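For the protein sequence lines, the chains are A and B, in the order given. Numbering of the first sequence is given in the working numbering, commencing with residue 258 and proceeding in unit increments. Numbering of the second sequence is given in the working numbering, commencing with residue 541 and proceeding in unit increments.
These are calculated hints, taken from the structure and not from any lab test. Owing to the predicted nature of the structure, the values given are computational and were not obtained by experimental measurement. For every residue, glycine included, the Cβ atom is placed at its ideal position computed from N, Cα and C. Some hints here could point you the wrong way.
To be verified - Only pairs whose alpha carbons sit at most 27 Å apart, straight line, appear in this in silico DSS-like list of lysine-lysine:
| id | chain 1 | residue 1 | chain 2 | residue 2 |
| --- | --- | --- | --- | --- |
| 1 | A | Lys369 | A | Lys351 |
| 2 | B | Lys1196 | B | Lys1139 |
| 3 | B | Lys1000 | A | Lys369 |
| 4 | A | Lys509 | B | Lys1000 |
| 5 | A | Lys347 | A | Lys369 |
| 6 | A | Lys351 | B | Lys1084 |
| 7 | B | Lys1139 | B | Lys1084 |
| 8 | A | Lys347 | B | Lys578 |
| 9 | B | Lys1084 | B | Lys1007 |
| 10 | B | Lys1141 | B | Lys1084 |
| 11 | B | Lys898 | A | Lys369 |
| 12 | B | Lys898 | B | Lys1000 |
| 13 | B | Lys1141 | A | Lys509 |
| 14 | A | Lys509 | B | Lys1007 |
| 15 | B | Lys578 | A | Lys351 |
To be verified - These stretches of chain A come out as covered by chain B in the derived footprint (C-beta under 8 Å, 3 or more residues):
| id | stretch |
| --- | --- |
| 16 | 319-330 |
| 17 | 446-454 |
Unchecked claim - Sample of chain A residues facing chain B (criterion: CB under 8 Å; computed from the structure):
| id | residue |
| --- | --- |
| 18 | His296 |
| 19 | Ala298 |
| 20 | Leu333 |
| 21 | Asp387 |
| 22 | Ala393 |
| 23 | Val396 |
| 24 | Asp492 |
| 25 | Thr531 |
| 26 | Leu548 |
| 27 | His564 |
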Amino acid sequence: MTRTRAWRTAGAAALLLLMAAGIAPARAEEGATPAYSPHGADTCLVCHNEPGLMGLFRTAHARPNDPRGPFGHGGLQCEACHGPGGAHVKARGKQPAGIVDFGAHALAAVAKQNGMCLGCHRDNAAHDWDASAHAANGVACASCHTLHAATDPVRSADTQVAVCTTCHQTEQTDLLKLSHHPLREGKMECTACHAPHGSTAPAQLLHNTVNETCTACHAEFRGPFLWEHQPVTEDCDNCHQPHGSAQPTLLKVRTPFLCQQCHEGAGHPSIANTPQGLAGVPGGVPSAFLLNGGCINCHSQVHGSNHPSGRALMR
Amino acid sequence: MRALSRYCTSLVLAATAALAGAAAVADAPGAPDTSSWKCSQCPFLAGYEAQVEGGALYADGANASYGRYTGINHSAAYLDAGASGQYRRSDGLYTNYLLERLGLASRDGYVEAGEEGRFEVRLSYDGQPTRLYDVTATPFRSLGDSVLGLPPAWVAAGSTAGMAQLQASLVPINLGYDRRTAALSGLVFVSSVWTVSGEFRRQEKVGTDFTGASFLTEALQLPEPIDYVTNSFDASAAWAGRIASLRLSYSGSWFEDDSDSLTFANPYLAFTPGSTTGRLALPPSNNLQQLAAAGNVQLPWLATVLTYSASFGRLQQNAAFLPVSTLPGAAVPAPGSLDGDVHVSQYALGLAARPLRKVSVHAHASYDGRDDATTPLTLSYIVTDTFPGGSYVTPRYSEDRVRLDGGADYSPWSWVKVGVGGELREVHYGPGQVITWSQDAQSFGYATVTPLAALSLTLKGGDAARKASAFDAAALPVAENPLISAFNYAPRDRVFYSLSGTWSITPTLSWAVEGFFANDDYPLSQLGLQSVHERRGATTFSWKPLASLSLYADAGYQRLYDLQSGFTGGITPPWLVSDTERFWNAGAGAEWLVSQRWKLKLDYLHAPSYSDTDISVNGPAQAFPENWTRLDRTMLDATYVRSSALQLHLRYSYEKFDSADWALSGVDAATVPNLLALGFQPYRHSVNFFALTASYQFGRPAASASGSQP
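Could you put the whole structure together from the sequences, leaning on the hints where they help?
Given below as structure tokens:
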């Protein structure tokens, strides 16, 4: 496929998206406006006064001077999130009666729960929520967020990983490997790289590409270098496993074998490195191609070199 | 590129038009009269509350292996302290702060202040230690200014075994560095729909890493001093209407490395006269600046949400080149600087809609490009400061990537959802690369069943095929084997399946499982990667049999396999290498509120891994020694509640990590004849860790303290 054809394909698809959005018929709104409680939170707190719920009043959701928040002047307080509670009050709490509850055992559908959150949060934090993998998989906001705690665990570096790995369990295993980012030590969050509320980047990354995400911290590898290494400029994931690896420096495969998946040039790149090159093997000769960094022992500038004589990434 | 820009501009304009159209059809819902909602029972914070914690830690047996990211890397006692607090006035002015691990290199914290609904300012600091190895030794001494020398009595030789003064010259050196980040950010709510924010961030990375270098066929490992600074500035203005939003942002990042080179003495006999010193280039200073726009629009039809984003940026680097060589009299002139200029851009549209009550669709179309506009240079170079290598044109790499993905799901009944989806990725490579394009097309289907309200199982399966343009062997370096297919663009067939499930069996008992299976085959690769197999699975149980007791257990297993081939040349057949990695983890724990005074936490983790490598070279397979790791950790955390304000915490853990690695085990400075190594060994530690701290709360009512976290 030529480049022109690829752009035409992309353009046609994008325009179809727009057209599909534009020509579709409107959908009728459902239901009439139900009744709210007589006194807002003062009504709710008569019954719902458990200590575990009161952490909410230490959070951004309960700021009485914030006109954007549910507890700001004119705000709907508890009912901003839980929906109109008039019928619930009238039934003396015996029936949910339209109350939106949250969590694994909630009676409210996930879409209904999330709709309450997105009513305020669709703007920035959740700017691509609707087309995100989390939304497509029916993840509820409350699956990750604990809103009545003074500190939401998913917003703290010490506890976020435990929340994310509740579902992303294979990543939890990855984090236990020899080589890993400092997530399980509480010095980095999943959200340092990923945008859980959706992004237009692959894998819901925070930045546009894998490389922009990695070099946000590892700026020394950003280049552009005088001598570049093509797979590096293309995608750091070509060689690295960001969630964890049994190999050093998050490599997918140990050197020299990783390098030999692309390099089979005449001479030493094509050598079959056997156990005879290990240390302490009778009759063998310890090999610099195999031990310590393998190829990296000499080609240490594998991410690129700015040395005029760095063509082979050795300077 | 010009046509592409026109195309992308039209996309952005279309999105903007859709935004305007959607805004025009906005409706206004009714709202209750809340004038009598006083919230008089609401326990808002008024005044000051805080918690301080302090005490001592002791780690017996700690080393770099144990303290890699915590900074607890010595057998020693450490003082630790932390604090958190909030202050709020009735008019909405507030201050919050959090300070953690103040006695350790991993300390972090923030102080923020503002006025509710108007503005916020935040100052933060984060220390992130990285301890690499503390059992290394080198004959090199720092002579200052990134120059490494050898002792005066050094005896150069053709191999490490002949370096008579090597053992006497070795001095221990700790490898590791600290990443310290300070940030000042601000946020102003300009109006009910406009927010302006900005952040300045300074990150320093300071310490000693290691690197490698060579003089033709003789290699050495070197301690590499690091002193990097990255300053970043982000600013954005965000508009958030009821049915649409827009964020305009600028971000700039300036990476600075004051040292442009690392110069080192040649410990070997010089191949050519004068080749007594080598010089490596260190990462050059660079900067990346980007402008971006992003937002979404809720369209009034079919519950449709349209997302859009666009960004443009430039990555530049113009550090002065080093001299071509340290060789005295090297006749090749230094060419100046690169004037590196890479343009990066990204445009994307996303769409989610629910055209029917039981059908939802979502799709993305995106483009991202890396256009390296740097002028290629023709350079005459010197190989490893040893001999002239000829003349060569520096290659520049550009890529255009288009990604289309989407899916639709249908829920015929409330307990079933089925869906299909796909993704098409195309990469178009710039001039001078081995291929001109690759295309990866993936399709998948899935079904989610929810037979019980709290039980959900999803099975997904699909396949993918990657194709690529004809291979241009002329673009390969002269010595490269034209039969090699680099794995990042070689044609590939993939099948994959995944299973995920969650079951809240009762309100107190839940189970989750996740599994993944994938096979990749590279059918057209005569040399290089042939196949990759992935098997991953994990499960977790959690149970809260009593209000005061919760238990959990989890386990995981992974098996990763890959097979590759190579060809040494001549009449020998291709060689084959297979690598199989297996990784397990199993853990269990409990949290028990023994009484109103005592809380206990227990945790146990066992996580071993094994890596087996075999190579076949014209005969039976030869096995490398097994590489393995084994992590065992037991942790006990006890809290004694002396009063509603005072708590004592005792924490004990025992962690043992052991590993074997054929690339490192037994390799010291002189083990390899042509590698002067730093001699670091596989990670290993056995640590008893004790911590005794006390925390005290000020101002917080007991009722609000329980059930919430400081």
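Hints, one by one, checked against the model:
no.: 1; hint: A:Lys369 to A:Lys351; result: holds (21 Å)
no.: 2; hint: B:Lys1196 to B:Lys1139; result: holds (26 Å)
no.: 3; hint: B:Lys1000 to A:Lys369; result: holds (25 Å)
no.: 4; hint: A:Lys509 to B:Lys1000; result: holds (25 Å)
no.: 5; hint: A:Lys347 to A:Lys369; result: holds (22 Å)
no.: 6; hint: A:Lys351 to B:Lys1084; result: holds (26 Å)
no.: 7; hint: B:Lys1139 to B:Lys1084; result: holds (15 Å)
no.: 8; hint: A:Lys347 to B:Lys578; result: holds (20 Å)
no.: 9; hint: B:Lys1084 to B:Lys1007; result: violated (51 Å)
no.: 10; hint: B:Lys1141 to B:Lys1084; result: holds (14 Å)
no.: 11; hint: B:Lys898 to A:Lys369; result: holds (14 Å)
no.: 12; hint: B:Lys898 to B:Lys1000; result: holds (19 Å)
no.: 13; hint: B:Lys1141 to A:Lys509; result: violated (36 Å)
no.: 14; hint: A:Lys509 to B:Lys1007; result: holds (22 Å)
no.: 15; hint: B:Lys578 to A:Lys351; result: holds (25 Å)
no.: 16; hint: 319-330; result: holds (count 10)
no.: 17; hint: 446-454; result: violated (count 0)
no.: 18; hint: His296; result: holds (6 Å)
no.: 19; hint: Ala298; result: holds (5 Å)
no.: 20; hint: Leu333; result: holds (7 Å)
no.: 21; hint: Asp387; result: holds (3 Å)
no.: 22; hint: Ala393; result: holds (6 Å)
no.: 23; hint: Val396; result: violated (10 Å)
no.: 24; hint: Asp492; result: holds (7 Å)
no.: 25; hint: Thr531; result: holds (5 Å)
no.: 26; hint: Leu548; result: holds (5 Å)
no.: 27; hint: His564; result: holds (4 Å)
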